[in-house]
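Colleague: Given next are the chains, with one letter for each unit.
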Amino acid sequence: MANALKARTALGAHDPLQVMVGALVVTERFDVALASVAARRGRMGDLAKAAETIGLPLPEAARHASGEVYAAFWTAPEMWLVEAPFASHELIAEVLKQALGDAASVTEQTDAWVAFDLLAPDLAPLLERLCNVDFPAVVVGYATRTMVEHLGCYLIKHGRGTARLYGPRSSAKSLLHALEAAAHSAW
Amino acid sequence: MIIHHPILGPRDAQEFVYLGDESLIDRPDGMTAGIEAFHDYAYNRDNPAGAHRELWYHEQGDRSWLVVTRNTVTHEITKVELARDVARAKGRTK
Chain A
1 MANALKARTA LGAHDPLQVM VGALVVTERF DVALASVAAR RGRMGDLAKA AETIGLPLPE
61 AARHASGEVY AAFWTAPEMW LVEAPFASHE LIAEVLKQAL GDAASVTEQT DAWVAFDLLA
121 PDLAPLLERL CNVDFPAVVV GYATRTMVEH LGCYLIKHGR GTARLYGPRS SAKSLLHALE
181 AAAHSAW
Chain X
1001 MIIHHPILGP RDAQEFVYLG DESLIDRPDG MTAGIEAFHD YAYNRDNPAG AHRELWYHEQ
1061 GDRSWLVVTR NTVTHEITKV ELARDVARAK GRTK
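Just so you know, the sequences run in chain order A and X.
Mapping of the first sequence onto the working numbering: position 60 corresponds to residue 60, and the numbering continues sequentially without gaps.
Mapping of the second sequence onto the working numbering: position 2 corresponds to residue 1002, and the numbering continues sequentially without gaps.
Treat the hints loosely; a few may be bogus.
Computed list of lysine to any residue pairs in SDA-like fashion (alpha-carbon distance at most 20 angstroms, straight line) [what the hints assert, rightly or not]:
id: 1; chain 1: A; residue 1: K49; chain 2: A; residue 2: A65
id: 2; chain 1: X; residue 1: K1090; chain 2: X; residue 2: R1053
id: 3; chain 1: X; residue 1: K1090; chain 2: A; residue 2: G42
id: 4; chain 1: X; residue 1: K1090; chain 2: A; residue 2: R41
id: 5; chain 1: A; residue 1: K173; chain 2: A; residue 2: A112
id: 6; chain 1: A; residue 1: K49; chain 2: A; residue 2: V21
Hints are computed from structural coordinates only; laboratory data are not their basis.
Construct all of the structure, not just a fragment, from the sequences and the given hints.
Modeller: Quick look at the structure:
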């Protein structure tokens, strides 16, 4: 029986969605495991050491950084959201807890978010309609929390025309609708 | 209105939630300070026309609490600090 159980995506489908609207391609990412990592008080040094041994980058404020297996972006002082391939890190929180010990508090976040990869020649016309991030002005690797259609999201800039957007999973359809509506308007 | 976040730089005020007077940081010990001090903490606020130190929460950002010094007449913001730093400077441990 257990073999017949298959997780659905945030949009309620069996397979991740890809949709094209104007110049925009939205790809739902179903293959990313997420966990939050926060240094316990006074333990930042220990966390940094432990993170280094497992190749976990802990970037500075408002930045995203990629390692070999792990990638991470800053969410708050001494706190990060960590990304890893779902196939190898389905139990990412357990893996990180083992590696980081009591220097950090770790929470499972994989099923809390929907991840959309955004692709267009230039994302500025889209994002200026959706949020208050000055997308052309910020550097590649910029990561920030922002509001999109009243939804608290994380936006990570990977290039002039590539970005990843994390939104609340329970509002995945609303967020997708906002992206589609803004793309219709932009292109 | 733009709030210059000490870590993240200029941020639109719509990302923040306003709580109130910064004196909320100085909660007296309810068991030892006496009822007058706690009543004062709970109910009494100054209402200055001028510089006002107040707590703002960066809810749609990094979830930090800030102490913002704002002129209530002109809305000019002259100083923004992390509430954590302000509390620690007062000798608080948490």
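Colleague: Please go over all the hints and tell whether each is borne out by the structure.
Modeller: Hints and how they fare:
1. K49/A / A65/A: 17 angstroms, holds
2. K1090/X / R1053/X: 15 angstroms, holds
3. K1090/X / G42/A: With a Cα-Cα distance of about 18 angstroms, the restraint between K1090/X and G42/A holds, given a limit of 20 angstroms.
4. K1090/X / R41/A: 18 angstroms, holds
5. K173/A / A112/A: OK: K173/A and A112/A at ~14 angstroms, within 20 angstroms.
6. K49/A / V21/A: Answer violated: K49/A to V21/A is near 45 angstroms, above 20 angstroms.
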